[in-house]
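*Asks:* 1 is the number of the first residue of the first sequence in the working numbering; add one for each residue after it.
I should point out that these hints are in silico values taken from the structure, not numbers from a laboratory. For glycine and all other residues, C-beta sits at the position ideal for the given N, C-alpha and C. Take every hint as true, because none was put in to throw you off.
In silico BS3-like links for lysine-lysine, alpha-carbon gap of 25 Å or less:
hint : residue 1 : residue 2
1    : K51       : K93
2    : K3        : K93
3    : K3        : K110
4    : K139      : K111
5    : K118      : K139
Derived CB-CB ranges, DEER-like:
hint : residue 1 : residue 2 : range
6    : N124      : L10       : 27 to 37 Å
7    : G32       : N11       : 28 to 38 Å
8    : E179      : L114      : 36 to 46 Å
9    : S127      : H54       : 17 to 27 Å
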Amino acid sequence: MYKLSATYYLNNDVVFLAKDLIGKVLCTEIDGQVAKGIITETEAYNGVHDKACHAYGGRRTDRTEIMFGEGGKAYVYLCYGIHHLFNIVTGPKDDPTAVLIRGVEPLEGKKLFLERRKKTNLKNISSGPGTLTQALAIKTHHTGEELIGETIWIEDHGIDVPENELEIGPRIGIDYAGEDAKLPFRFLWRM
DNA sequence: TATAAGATTTACT
DNA sequence: GTAAATCTTATAT
Numbered sequence: 001m002y003k004l005s006a007t008y009y010l011n012n013d014v015v016f017l018a019k020d021l022i023g024k025v026l027c028t029e030i031d032g033q034v035a036k037g038i039i040t041e042t043e044a045y046n047g048v049h050d051k052a053c054h055a056y057g058g059r060r061t062d063r064t065e066i067m068f069g070e071g072g073k074a075y076v077y078l079c080y081g082i083h084h085l086f087n088i089v090t091g092p093k094d095d096p097t098a099v100l101i102r103g104v105e106p107l108e109g110k111k112l113f114l115e116r117r118k119k120t121n122l123k124n125i126s127s128g129p130g131t132l133t134q135a136l137a138i139k140t141h142h143t144g145e146e147l148i149g150e151t152i153w154i155e156d157h158g159i160d161v162p163e164n165e166l167e168i169g170p171r172i173g174i175d176y177a178g179e180d181a182k183l184p185f186r187f188l189w190r191m
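Sequences are here, hints too, so could you generate the full structure?
*Replies:* Next up, the structure:
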């Protein structure tokens, strides 16, 4: 088991990273409490060429600025006024690619998952992009956080995901993106 | 300064 | 299965 290094995130193939991150372990230490979850679902956001990406066409705003920096940082933003969505910025400088984490499975600190989500069982406790951030206590102010630091990081536990359990398909909830909404950039581990 | 729309979740019919 | 909740960001006055 080891923590992913900074160079891992500099890979310019965001689709490869989205696939490779399935089975990795997302960890947070917030308020002195450690929680870990196995990543089971991701989506790739392929920079300026991707209509579904916030940085499509080189749009550079205060919000998307972080994606134009080097990979290895967190990009957390609020959707529908309620939900915090967690992205991993990837690729070299000026290449605004990112991987959206859409789902995790509780691994460590399960008690925290239950408390933060106010639930009594672990079923579907962090199966959506907005709910996993709640379970791991990730908030918008974590944007820009180094993923090799002490607050949010990713570990490789050597978990093997069989090819036949990996579902690849079009992304969800981005119908407005036209043709790009159909690209097979979504990866889901069917356990 | 004001308005429109959104990478979703939850509750209710 | 359908609809409401809810507030930030981006774009237009």
